[in-house]
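S.K.: Dock chain B against the given chain A, drawing on the hints supplied.
If you read the sequences in order, they're chains A and B.
With our numbering, the residue at position 740 of the first sequence is 770, and numbering never jumps.
With our numbering, the residue at position 81 of the second sequence is 182, and numbering never jumps.
These are calculated hints, taken from the structure and not from any lab test.
Beta carbons are placed, not taken as given, at the ideal position from N, Cα and C, and that holds for glycine.
There could be a bad hint or two in this list.
[Stated by the list, open to error] Which residues of chain A face chain B? A partial, calculated answer using Cβ under 7 Å:
{"#": "1", "residue": "Val-196"}
{"#": "2", "residue": "Tyr-197"}
{"#": "3", "residue": "Ser-303"}
{"#": "4", "residue": "Tyr-617"}
{"#": "5", "residue": "Leu-622"}
{"#": "6", "residue": "Asp-624"}
{"#": "7", "residue": "Pro-625"}
{"#": "8", "residue": "Arg-627"}
{"#": "9", "residue": "Glu-688"}
{"#": "10", "residue": "Val-690"}
{"#": "11", "residue": "Gly-691"}
{"#": "12", "residue": "Trp-770"}
{"#": "13", "residue": "Glu-776"}
{"#": "14", "residue": "Pro-839"}
{"#": "15", "residue": "Tyr-842"}
{"#": "16", "residue": "Thr-845"}
[Stated by the list, open to error] Okay, derived cross-link-like pairs now, BS3-like style, lysine-lysine, Cα gap no bigger than 30 Å in a straight line:
{"#": "17", "chain 1": "A", "residue 1": "Lys-696", "chain 2": "B", "residue 2": "Lys-143"}
{"#": "18", "chain 1": "A", "residue 1": "Lys-710", "chain 2": "B", "residue 2": "Lys-135"}
{"#": "19", "chain 1": "A", "residue 1": "Lys-1009", "chain 2": "A", "residue 2": "Lys-902"}
{"#": "20", "chain 1": "B", "residue 1": "Lys-153", "chain 2": "B", "residue 2": "Lys-216"}
{"#": "21", "chain 1": "B", "residue 1": "Lys-216", "chain 2": "A", "residue 2": "Lys-220"}
{"#": "22", "chain 1": "B", "residue 1": "Lys-182", "chain 2": "A", "residue 2": "Lys-815"}
{"#": "23", "chain 1": "B", "residue 1": "Lys-238", "chain 2": "B", "residue 2": "Lys-153"}
{"#": "24", "chain 1": "A", "residue 1": "Lys-534", "chain 2": "A", "residue 2": "Lys-433"}
{"#": "25", "chain 1": "A", "residue 1": "Lys-220", "chain 2": "A", "residue 2": "Lys-257"}
{"#": "26", "chain 1": "B", "residue 1": "Lys-115", "chain 2": "A", "residue 2": "Lys-306"}
{"#": "27", "chain 1": "B", "residue 1": "Lys-191", "chain 2": "A", "residue 2": "Lys-815"}
{"#": "28", "chain 1": "A", "residue 1": "Lys-874", "chain 2": "A", "residue 2": "Lys-902"}
{"#": "29", "chain 1": "B", "residue 1": "Lys-191", "chain 2": "A", "residue 2": "Lys-696"}
{"#": "30", "chain 1": "B", "residue 1": "Lys-195", "chain 2": "A", "residue 2": "Lys-815"}
{"#": "31", "chain 1": "A", "residue 1": "Lys-902", "chain 2": "B", "residue 2": "Lys-135"}
{"#": "32", "chain 1": "A", "residue 1": "Lys-306", "chain 2": "A", "residue 2": "Lys-46"}
{"#": "33", "chain 1": "A", "residue 1": "Lys-592", "chain 2": "A", "residue 2": "Lys-462"}
{"#": "34", "chain 1": "A", "residue 1": "Lys-900", "chain 2": "A", "residue 2": "Lys-1002"}
{"#": "35", "chain 1": "B", "residue 1": "Lys-216", "chain 2": "A", "residue 2": "Lys-221"}
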Amino acid sequence: MSAFRKSGRGMVDASKPVNFTFDGKAYQGLQGDTLASALLANGVHLTGRSFKYHRPRGIVGAGSEEPNALVAFDRGEGRVTPNVRATTLEIFDGLKAESQNRWPNLKTDIGGFNNIFSMFFPAGFYNKTFKWPASFWDKVYEPFIRNMAGLGPAPKSSDPDVYASVYGHCDVLIVGAGPAGIAAAVAAAKKDQRVILVDEQAEPGGGLLSAQNVEIDGMAAQDWLTKSLTTLRKADNVTVMLRSTAIGYYHDNFVAVNERLTDHIPSVEPGRSREKLHRIRAGKVILAQGGIERPLVFNGNDRPGVMLASAAQTYLGQYGVAVGNEVVVFTSHDSAYQAAFELADANISIAAIVDIRDKISGDLQQAVEARAIDLILGSSVSKTSGKLRINGCEVYTASSGKKQSFQCDALLMSGGWTPSLHLWSHSKGGIKWDADLAAYVPEQANENAVCVGACNGNFGIEAALNAGTKAGGGRKKFKVKEPEFGSGVVLDHLPNYIDSSKQKAFVDFQNDVTEKDIKLAVREGFKSIEHVKRYTTNGMATDQGKTSNLNALEIASKAVGKPIEKVGLTTFRPPYTPTTFGALAGYRDGELFDPTRKTAIDPWAEAQGAVFEPVGIWRRAWYFPKDGEDMHAAVARECKATRDSLGIFDASTLGKIEVVGPDATKFMNLMYSNSWTTLKPGRCRYGLMLREDGYIYDDGVVARMAEDRYHVTTTSGGAPRVYRHMEDYLQTEFQHLDVWLTSTTEQWAVIAINGPNARKLIEPFVEGIDLSKDAFPHMAVREGKICGVPTRLFRVSFTGELGFEINIPSHYGRTVWETLFEAGQSYEICPYGTETMHVLRAEKGFIIVGQDTDGTVTPHDAGMGWAVAKKKKDFVGMRSLKRSDLIADGRKHLIGLLTDDPNVVLEEGAQIVADPNQPIPMDMLGHVTSSYWSESLGRSVAMALVKDGFNRMDETLHVPMPGTTHKAKVVKPVFYDPKGERLNVV
Amino acid sequence: MLFDQAIDIPETLKGDAVSVTLMEERARYNLRIKSTDLTEFKKLTGLKLPRKINTSSAAKDVTCLCVGPDEWFVIAEAKSKAKLDKLLAKASNKFVCSVTDISHRNVGFEITGAKASRLINVGCPLDMAIEAFPVGKVTRTIFESAAILLRRTGEESFQIECWRSFGPYLRDFFVRASRDF
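Excised from the complex, chain A in its bound form:
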């Protein structure tokens, strides 16, 4: 048995020792211990170094409010979790934990020199100190600060663990399984509602777990707890989730609860989820989060061994651990007396109770006297001593000027209680100042939610049970025998004879913020509490001000000279406690991060060794390298093969929308800049879609299948937005039209066959369609069969060659492709990818929306004024095309560029200037939008958006690129077969 373990107390199992290491040193704890309770049982208080000053720090609390004892929890290679609260980390055999923010070790920390020079590091010090010279910020100051400050080490390798996530629903979600939460759950369970009760601890019960001398309805508190939990476990409609923290409370009663599944288990089989994020939608939320005891802000209050009085109570009651042998209690609130009494009754020596108040109740006074404890009223602790652990303190009585010294190995403090408003605040619930409690308490709810028990400012077990029952829909009133919760006072400043500039009185232990820092911030002009928070970092980061917020507020309000309720409270933000990224990602790691859409033909391309590129969330075959070819060689070969004989291309990703209804043509006329009235069924037309602002939005070939039916194609990446754009107009502006839209992108696999032998290839497989030149002209569509399956066969070309786009139902796509590929061997058929498609279209000057246009290009700018109908009364974008700035001279136009050196391929995105000798910054005329090596032409070709481009034909412009500036001549952007003769080669 360890020196500080009190046998026969607590919920730990004395028959089950647990071996663990902290900073490499072996310790033994008991089953049921947290790391904090096990260390305390071994007499260890020192657990870390502070954030800024590297001061030695120890355990302050007993739950998730712990600001100091943050450790790195090491579960092996790649599995180190930083900033885990020792107070919530359950121990198991083989557990390894390390202290943080110290080097070379916890006892001798080089960074401690920050503490010696702490007067140079006040609030906002790096905003002031490290300003000069500016160039030092990146290379010296920032790395230095980042290295010295911060808490645990960020992991460097990818997380080997897997995580889970799930949605949940219930009528009542109860957060916190203390007396209030359990009473609420028991009451709600009887109402035949779906109830979920969550608690962050491994054991439900909250304060009841350590409650001494409490009787509920004539039962010992622990017995009532056991009975109630049995009731809940038996109820089918209740789910009790332990090790589950409600980390965030979002709109419409949506609460994120992170359940830790495996961290407390010594060895876990691979593949088992470590944590699970429950995304719960609740009808009603009952918050029973309890309260957090407030530290006192006194000189030397951060020395290891100084802790919250309630924490000492918990360690004794729940874990059977004495936090020290010789304890001083320093308080401004009655509740700390109960802690002192419980310790005293467990034969722990209480050296003194120091109370700020001049007077306490007669009952308390008697109870103190009965235990022969030295009580010093009207006094405060003026300093503490001890290097890595407190060994004494000095008590100062302001009225007499008397100073007394006490030896102690622990000092318990209590500055009263703060209702835990974190989740309530996430939900935007209102709060009001309660002067009696000197704390904010919940006011009006913003959701169907209620706070019960201590988090509502109703302290005491009876109050909690009754409020919980009522919130759960019950009427029962409990009779509880318990020590009175009592009352206390709050002072903005504890009396001390030591000059305040020489004191180290910490407000926020985790962020190393002192009373002085807050006063300094106010002196420097930060009057709003939100500004004070940011300037001092009080209440920020993983701590979220659990122990510090109200003390900071008290100090700031006095410094500002405004009543506290006028200063306000800073906003609490999710997550309530630090949460792993893994929990937030859930299952969505690796392949599941986002869908990768693949076409029906994709598996064939993969088997052929295609290289893929992402297009939106599609992946498309980019090129098909042969025998170690690089991309340049593969694309040159694919281009040549297609122009010489035959190329086959998977165009399945093209967006497709079926526009059907008697008003289909009217709708098309409104959505596209072209006219559709003259398009006959069986024919296709290139369509240009504009936004309301007149700029090009999308394009694609549209086939009229029947009087009332269009087969619209869109760009691959644009399909969802075009559909949304159309549906938006249809439902808002053009409601009078009888027309409907159906996405058919995935209904059809599309195989593009291009090249002089295209017709010869498909002819033997096509039924019911006359493929002859005259019967089936360019820009026509026919329905029939190919390879025995139905097809919508388009005669279109995005390459300039004779071309067909074969639409077949998707699940036949691969078979038809393979059949045609096989037959194409006699024409040396060549599969090509998106890169070759881009080159072949650029040779013809066909634009790619989003590459050659950027959302600021009108049809006229793109040289496509022909696609804007002149006679239509209306279409989306029409009015904007008449705006003065869109018809003004000097707009950028899409033109072709031919480099003087035919071997130079310009960089896409390269800037274009008229005079390369102009001093920098030069006048930039535009940029290169598309640029490729054209195997067919034996030279490079490029397209560019250039200011006044149409009026610069044959002009030589300059394109500065790394190393050299290239000359290029402005030409029309049609480089290959300008007359379009190849469409009808055979």
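M.R.: Same frame as chain A, now just chain B:
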């Protein structure tokens, strides 16, 4: 194999608690008609198109799902396709409507077992309690990043449809999540 949905379902998805199967070939139509024409349309086609949004009707080989004020999906056995093609073409000529064949746009999964609803709740935020989502209810919703059509076919059985390229993503999600069951 001519018809190929290209989605394999691994053995791990054939559990006792939950089992996932890929639906065979189906005829599927997106049907848009005005609600004022519904009665006459039903009379002509014999299709049991439910009037109430988010409900479905299941006949021997044809299921009709209402997903909007003027929108239905008709999902049928593949062998009924030729018959339905003709029937709907005939109706198209008579009514102001839109009939679009989407047989190959979607793939379908059948999810059955005591934990079927839990598997759905891995990615779908809707309440799957039988009272909230009774047998026959249908809705367009999401499963993580995929848009799905979800229909409850029995107390412990569901049908999920999605666009074909999202099928492998759903399958992979089911595989991962079912490991935790």
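S.K.: Which hints from the list above does the structure break, by number from lowest to highest?
M.R.: none
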